[in-house]
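Undergrad: Sequence:
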Amino acid sequence: MPWADLFDPESVAEASEEAVGRQRELLQQMLSMGNAGATRNDLTGLDALRTDTGAFKTRVQSGGRISIPDAEREALDIEEGDIVQTIVVPVSRNRDEETQS
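The opening position of the sequence shown corresponds to residue 10 in the working numbering, with each subsequent residue numbered one higher.
Any given hint could be a false lead.
[To be verified] Restraint ranges, calculated between C-beta atoms of paired labels, are given here:
1) S25 / D91: 32 to 40 Å
2) I87 / R33: 17 to 25 Å
3) G72 / E34: 24 to 32 Å
4) I92 / F65: 23 to 31 Å
5) E19 / I92: 25 to 33 Å
[Claimed, not checked] No farther apart than 20 Å at their CA atoms in a straight line, the calculated lysine to aspartate or glutamate pairs in the DMTMM-like style are these:
6) K66 / E27
7) K66 / D79
8) K66 / E83
9) K66 / D17
10) K66 / E26
11) K66 / D86
12) K66 / E23
13) K66 / E81
14) K66 / E19
Since the hints were made in silico from the structure, they are not lab data. As the structure is a prediction and not an experimental result, all values here were calculated from the model. For each residue, glycine too, the CB sits at the ideal point set by N, CA and C.
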């Protein structure tokens, strides 16, 4: 079954928008630590996040691994062996009550 079939497109789009928003907020906070007087206009480079980043939902696999979907790898020109940076935002937890002690 292709990964695209596992998620509702509207939910994926919503999660993607939320993740990009959180990435922007995080980057603004990080930049403001180094530039105490920085204003929002000083952060125009954040527009690059729209073309140089991707956001998607994926499940954590055994050993804590996550996979980048084919469409994202192609759009961002990511190949096997490339180093990428991730920001992980838990969306939902599907755990049995018994395993949560």
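Undergrad: Run every hint past the structure and note whether it holds.
TA: Outcome of the hint check:
no. : hint                  : result
1   : S25 / D91: 32 to 40 Å : violated (21 Å)
2   : I87 / R33: 17 to 25 Å : holds (21 Å)
3   : G72 / E34: 24 to 32 Å : holds (30 Å)
4   : I92 / F65: 23 to 31 Å : violated (18 Å)
5   : E19 / I92: 25 to 33 Å : holds (32 Å)
6   : K66 / E27             : holds (11 Å)
7   : K66 / D79             : holds (13 Å)
8   : K66 / E83             : holds (16 Å)
9   : K66 / D17             : holds (10 Å)
10  : K66 / E26             : holds (11 Å)
11  : K66 / D86             : holds (19 Å)
12  : K66 / E23             : holds (10 Å)
13  : K66 / E81             : holds (11 Å)
14  : K66 / E19             : holds (12 Å)
Violated hints, in rising order: 1 and 4; the structure is consistent with all others.
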